[in-house]
Every structure is written in structure tokens, then in C-alpha cells.
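Engineer: Here the sequence shown stands for residues 5 to 233, numbered as in my numbering.
Just so you know, the hints here were simulated from the structure itself, not pulled from any lab data. Every value quoted in this text rests on a predicted model; they were computed, and no experiment measured them. By construction, the Cβ of each residue, glycine as well, lies at the ideal position given by its N, Cα and C atoms. A hint or two may mislead.
Taking lysine-lysine and the DSS-like style, the derived pairs with C-alpha atoms no more than 27 Å apart in a straight line are [as the list claims (entries may be wrong)]:
| hint | residue 1 | residue 2 |
| --- | --- | --- |
| 1 | Lys148 | Lys177 |
| 2 | Lys219 | Lys177 |
| 3 | Lys177 | Lys210 |
| 4 | Lys107 | Lys148 |
| 5 | Lys107 | Lys177 |
What follows is a list of derived Cβ distance ranges for each label pair [as the list claims (entries may be wrong)]:
| hint | residue 1 | residue 2 | range |
| --- | --- | --- | --- |
| 6 | Arg209 | Arg21 | 47 to 53 Å |
| 7 | Val233 | His159 | 18 to 24 Å |
| 8 | Val135 | Ser49 | 21 to 27 Å |
| 9 | Leu178 | Glu113 | 18 to 24 Å |
| 10 | Val233 | Gly50 | 31 to 37 Å |
| 11 | Ala22 | Ser216 | 22 to 28 Å |
| 12 | Glu196 | Arg21 | 36 to 42 Å |
| 13 | Ala116 | Asn192 | 17 to 23 Å |
| 14 | Thr7 | Ala112 | 19 to 25 Å |
| 15 | Ala112 | Pro213 | 16 to 22 Å |
| 16 | Ser42 | Tyr193 | 25 to 31 Å |
| 17 | Glu232 | Leu115 | 38 to 44 Å |
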Amino acid sequence: MNTHRVLVVDDDQQILRALRINLTAHGYHVLLAPDGGSALRTAASGHPDVVVLDLGLPDMDGVDVIEGLRGWTTVPIIVLSARTGGAETVRALDAGADDYVTKPFGMAELLARLRAAVRRAAVSAVDGESVVDAGDFSVDLAAKRVVGADGAQIHLTPTEWGVLELLVRHRGKLVGQRELLRAVWGPNYGSETNYLRVYLAQLRRKLEPQPSRPKHLITEAGMGYRFEV
């Protein structure tokens, strides 16, 4: 028996009930969500070890849920959907899904995929770098805190942390404006680039030795931002 937490997201009450019964019988702690909004809230509060997600949700597309989750967590996501087109699979995987199971599905296959996803996540958690040292400060992704070179903790607001965490997790790579907005503020955002300018300025004042000449939080004009150590 295990104690892994599984978040099941589906608007079909029969599927929710069947998966809750079967997964509970196999030792999983099951969290349920009937739509995308509640899925994102439950993931934030319940910290599941794996997410099983239907794409056809009543309030938003499942791909938007994947993108929302990927803004702050690497939790394995298994898509469970009746959509069988190749393009749908590609969209989900490109957005950050780890696996794709089509309906109707066999419970034995789903359980096997769950076990594999949990194993991969455990390896990633052990091997992953949780503390990123930028010299002037260090970012502890696991503890969700920033410490200055003098050892003092630097207070960030939740939104400032959300922006910094996404940039740090993609360090050395350009993160687009739209991706940042959707990940931190939600799937309905994408054009409010003034938000990003305000919060990057705040982060630079707190983290950069010379905020007007940043060396860690870099702007790529018209495209997005990049974090450099």
C-alpha cells in the first residue's frame, strides 16, 4: 500500500466515483475536482503527487490547466481523455503533460502509468537542484525562500515569488511574456505586460546589486525575461 496523493480532474461524476473507489482500494489518497478552476485550487492546497486530468472540462480547456500547473509545479500529469486526435496529444504534451491515456481505458493500465509517473517524480526530486546560487543571493525552490549574500532572508510577496520561481526554474532560457502572465496570474491573462514590468522592477530593487543594470533578471525587449546566475 502507498500514501501517494492523486488529484483526479473530470466533469463526469461516474468516472470520478469509479476512480476514487479503485484508487483508494490500491492505497492512494484521492483528491477530486470537477472542473479546471477547482483543479488548480486543489493542486495548490493539496499538493498531489500525480494529476490525472481530462481535457474536456466545463470551464476551461484541459491544456490551460496543464499550463497553469506548470507555472509552479513539476507534478506528473497524466491526461485521460476521449480526444484521440494526434494534434490533441501533441498540444497536451507540449503544454507539459507527462503521459496520455485515451478513454475508454483499462484500470490496470492506468494504475501502471500512475506507478511509473510516481517513480519518475521521485527520481527527479532526488536528482533535481533545489537551491540555485546566483552569487548575490540564493533561491531555495523547495523552501520557497530567497537568502542574500549576507545570509539574511529577503522577503518576497507571493506574486514576486511566482515570477522569480518560474524564471529560476528556466534559468538561462527566455520565458515569454504570455507564459509568465498565464503561469503567475492565471489562464485569462496574456497581454498585461505592464504587470511584468512592475514586478520585475520590484524584484530587481530587492535582488540586484545595481537595479538599473541588472545581471540576473534580464529583459529581452518585446519577448520576455531570462534569469542568469
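Engineer: A separate judgement is required for each hint: does it hold in the structure or not?
Structural biologist: Evaluation of the provided hints:
1. Lys148 to Lys177: With a Cα-Cα distance of about 21 Å, the restraint between Lys148 and Lys177 holds, given a limit of 27 Å.
2. Lys219 to Lys177: Answer holds: Lys219 to Lys177 is near 14 Å, not above 27 Å.
3. Lys177 to Lys210: Between Lys177 and Lys210 the Cα gap is close to 22 Å, so the pair holds against 27 Å.
4. Lys107 to Lys148: Answer violated: Lys107 to Lys148 is near 38 Å, above 27 Å.
5. Lys107 to Lys177: violated, 36 Å
6. Arg209 to Arg21: 47 to 53 Å: Because 51 Å falls inside the window, the suggested range holds.
7. Val233 to His159: 18 to 24 Å: At 21 Å between Cβs, range holds.
8. Val135 to Ser49: 21 to 27 Å: holds, 25 Å
9. Leu178 to Glu113: 18 to 24 Å: violated, 38 Å
10. Val233 to Gly50: 31 to 37 Å: Given about 32 Å between the Cβ atoms, the range holds.
11. Ala22 to Ser216: 22 to 28 Å: Violated, since Ala22 and Ser216 (Cβ atoms, about 58 Å apart) do not stay within the stated range.
12. Glu196 to Arg21: 36 to 42 Å: Since Glu196 and Arg21 have Cβ atoms about 40 Å apart, the given range 36 to 42 Å holds.
13. Ala116 to Asn192: 17 to 23 Å: Hint violated: Cβ distance 36 Å, outside 17 to 23 Å.
14. Thr7 to Ala112: 19 to 25 Å: This hint holds: roughly 21 Å between Cβ atoms.
15. Ala112 to Pro213: 16 to 22 Å: violated, 57 Å
16. Ser42 to Tyr193: 25 to 31 Å: violated, 19 Å
17. Glu232 to Leu115: 38 to 44 Å: holds, 43 Å
Violated hints, listed in ascending order, are 4, 5, 9, 11, 13, 15 and 16; each of the other numbered hints is respected by the structure.
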